[in-house]
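Asks: Below, each chain spelled out in residue letters.
There are 2 protein chains.
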Amino acid sequence: MRIIIVGFGVVGQSFVKILLSKSAELYSTFGLNPRVVACVDSNGMAISQDGLDLGRLLEAKRMNKSVLAYHEKTICLNTSDLIENTEAEVMIEATPTNLENGEPGISHIVSAMKSKKHVITVNKGPLALAFASLLELSNYNNVRLAFSGTVGGGTPILEFAKKCLRGDRILSFRGILNGTTNYILSKMEEEGFTFQEALADAKQAGYAEASPKLDIEGYDAAAKLVIMANWIMSRKVSIGDVPRLGISDVNLNMIRNAHNNGKAIRLIAYCDTDELNVMPLEIQRDDPICVTGTLNAVTFSCEYSGEKTIVGRGAGGLETASAILRDLIEIRESISNPFD
Amino acid sequence: MRIIIVGFGVVGQSFVKILLSKSAELYSTFGLNPRVVACVDSNGMAISQDGLDLGRLLEAKRMNKSVLAYHEKTICLNTSDLIENTEAEVMIEATPTNLENGEPGISHIVSAMKSKKHVITVNKGPLALAFASLLELSNYNNVRLAFSGTVGGGTPILEFAKKCLRGDRILSFRGILNGTTNYILSKMEEEGFTFQEALADAKQAGYAEASPKLDIEGYDAAAKLVIMANWIMSRKVSIGDVPRLGISDVNLNMIRNAHNNGKAIRLIAYCDTDELNVMPLEIQRDDPICVTGTLNAVTFSCEYSGEKTIVGRGAGGLETASAILRDLIEIRESISNPFD
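The listed protein sequences derive, respectively, from chains A and B.
No gaps in the numbering here: position 48 of the first sequence is 56 in the numbering used here, and each next residue is one more.
No gaps in the numbering here: position 325 of the second sequence is 333 in the numbering used here, and each next residue is one more.
If you're looking for bench data, these hints aren't it; they were derived computationally from the structure.
Check before you lean on any hint, since a few could be wrong.
The list cannot tell twin chains apart, which means a pair is met if one copy fits it or any two copies do.
As the list claims (entries may be wrong) - Here are the simulated BS3-like cross-link-like pairs (lysine-lysine), alpha carbons at most 27 Å apart as the crow flies:
1. Lys171 with Lys30
2. Lys30 with Lys244
3. Lys244 with Lys122
4. Lys73 with Lys30
5. Lys25 with Lys221
6. Lys271 with Lys73
7. Lys25 with Lys81
Bear in mind the structure is a predicted one, so any value in this text is a computation, not a measurement.
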C-alpha cells in the first residue's frame, strides 16, 4: 500500500516510527505492507516511488528540521500537484488545523480524492468547516475519508460510537473534548491557581501553546463537536453553528462554590438532535466524565443501554499516530486485493 | 432468522420487547427479520415453526409465570432435544449463571453447536469454566459463539477491546466488573455504613441477591475476568485459575484511611500476560475507574495509545438485551444470504 504523508510534525513522525517498528507484525496480522512514496513538510518534500527509507527520512527531519534534506537536489513541486500526480492509494493529511478557512488541508484532501486516493486526516479544520461536502466528494470518487485521530487523539471515541453501540440509538452525548482547558480547570481547583496562573502552568508543562486562543475560547472543542455531530448524529453542521463560551471568565470563586456542592466546573461539549454547544458547566464530581488533568471523556446516552462513557488522553503524537494506523488497517481491509 | 430462546427471565423478556418495538427498523437497517421459533423457561416451552406471537408470549409469561401457558396442551421435551431438533439459525442461552459446573448452559450450548446453530450466551458459567473448548467446538462446527452480554451488561467492554484498539496491543487491563460490590463499597464510604449495613441496603435496593456470595466473594468478577482474559489476552484460563479475595473483610477504618489519602477501596480485577486476580485495592480517587454506585469500569493499557477507560452500567435487563441484539446483528452480517 503506497502512502503520501502531507504534514510531518510530531504526529506524522510518530506514525513513521510505528511503521518502522511494527512492519513485520502489520504484514502478518493485517496483510499491510505500507510504502511511504512521498512525504511533505512545510519546507519541502521527499519522493520515491519505491518507498522512502523511513530511517533516513526521520534522520533528515531530525538533523535538518525538514525532509528536504532526504535528497541531494531540491524538488520543487506544488503540494497539490504532487498529491494528484504521485501514484498512491492513501494520502495522510497531518498539517496544522486552521479553523478560519481549513487550508491548506481542504485543498490537499480534494486533490487526493479527485485522483482517487483514500484520505486519512488528523487535521480537524477541513471537517469542522466542510464535513458534508468532503464526505460527499469521497462517496462520489469512491474513496474513503477516515478521521479517527481528529477527536480524542488515540482514544477511539468515534469508533466506539459507530462500532460498539449498534442496534441501539444514541440520543445525545456530552463530554470534555479539550485537554488543555481541562488541565487549567483542574489546576485551579486542586492548587487554588487563578486562571492566569493555571494558564501559565499549562504553557510551562507544554499543554498550552503560546497563543492558546483556540483551546481557551472553546474553538478546538467546538471543531471536535462538529465532527462528532456530523458523523454520529447525522447533523449537517459546521463550526459556525456552535454556540460557544470559553473558560477565560471562570474564576476561583465559581470553582470553590461548585466544589463545596460536590461539583466541578468543566468545559462541556453537548449534542442531541436539536441542541449543540460548548460551555463551562458545573457537573457532579462522581460523574464519570468529571476527569482531571489533560484527559478527555465523552458520555453517550443510548435508548436501550443507557449511559456509557469513554475516557482517555485526547492528544499526543504516538497516541494520534495509533489512530492513523487504525484507519489505515480499515482502508486496507476495504480494498479488494488483500496482500498488495 | 429463526431464534430459540432458552431461559426467559428479565433479560430474555427484555430482548423480546426490543424485537417487538424495533422490528421495522431492524429489517430496514440490518436486513434482520427475527422469528422466535421456540422459547424455554424453567417450567416449560412454547414452540412454533412459523414464529411465536411475541405479544402473546410475553403475556403468557406475565399472567402465568411461564411460557407454558402459550399453548393449550403442554409440550414435554428435553431442552437439549428441542435445541437439536428445532430448525433455527441461532440459540440464545439466558439461563442463570452456574459457576460450579456450568450447567445447564454448557449442555444447551453444545447441543446448539452440534446441530449447527450459532450461539449467543449471556450466561457467564459456561465461558468461565470452559471457554477454550467451547470456542474450539464453535470453530469445528463453523458457527459463531457470541457473548457480549456476559461482561458489562449493555456496556460494550469486549467489543471495545476487540474493535476499537486495532493495530495497537493491549498490555494489561484492570477494572471494576461487579456492580453490587461497588455499590456496597460506595455506600460504606459515602454514608459511613458498616459492611453489613451496606449489604442490607444493597439487598433492599435490589442490587444484591438473598445469598450474595457470588458477588461479595468476587466469583462474579472472577468469571468476567476469565472471559476477558481468554478473549482479549488469549490466555487459556478458567475460574479456578483466578486468585480471588472478596470484600467481606473490608471495614470502615480501611475505607476512611484510604479516603484521607485521596484514595478509595474498590474490588479490582486485573490481567496482564502473567498475572490474573480479583481483590480489594486502594485506587486514586481521580482514577477514571474510581466509579461510584453500581457502575462498572475497565481501563485498558495499550502499547502506543496509552490508557483508555470505558464506564457504564454492568447489569440491567434492557441493557443486557441490547448486547444480545448487537451479537445478533453481527451474526446476521456474517451469514451470506442478507435478507433471509
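Asks: Could you place Lys271 and Lys73 in one of the four classes (within, between, both, neither) given a Cα distance threshold of 27 Å?
Replies: neither (46 Å within a copy, 45 Å between copies)
Asks: Within a copy, between copies, both or neither: where do Lys25 and Lys221 come within 27 Å Cα-Cα?
Replies: neither (31 Å within a copy, 50 Å between copies)
Asks: Please work out whether the CA atoms of Lys171 and Lys30 approach to 27 Å or closer within one copy, between two copies, in both situations, or in neither?
Replies: Close inside one copy (25 Å) and across copies (19 Å); limit 27 Å.
Asks: Please work out whether the CA atoms of Lys25 and Lys81 approach to 27 Å or closer within one copy, between two copies, in both situations, or in neither?
Replies: within (25 Å within a copy, 70 Å between copies)
Asks: With identical chains, the pair Lys73 and Lys30 could be close in the same copy or across copies; at 27 Å between alpha carbons, which is it: within, between, both, or neither?
Replies: Within. Shortest intra-copy distance 25 Å satisfies the 27 Å Cα cut-off; inter-copy 57 Å does not.
Asks: If the cut is 27 Å between Cα atoms, do Lys244 and Lys122 qualify within a copy, between copies, both or neither?
Replies: within (23 Å within a copy, 49 Å between copies)
Asks: Measure nothing new, just compare the shortest in-copy and cross-copy C-alpha distances for Lys30 and Lys244 to 27 Å and report within, between, both or neither.
Replies: between (38 Å within a copy, 26 Å between copies)
Against the hints set out earlier in the document, violations occur for numbers 5 and 6.
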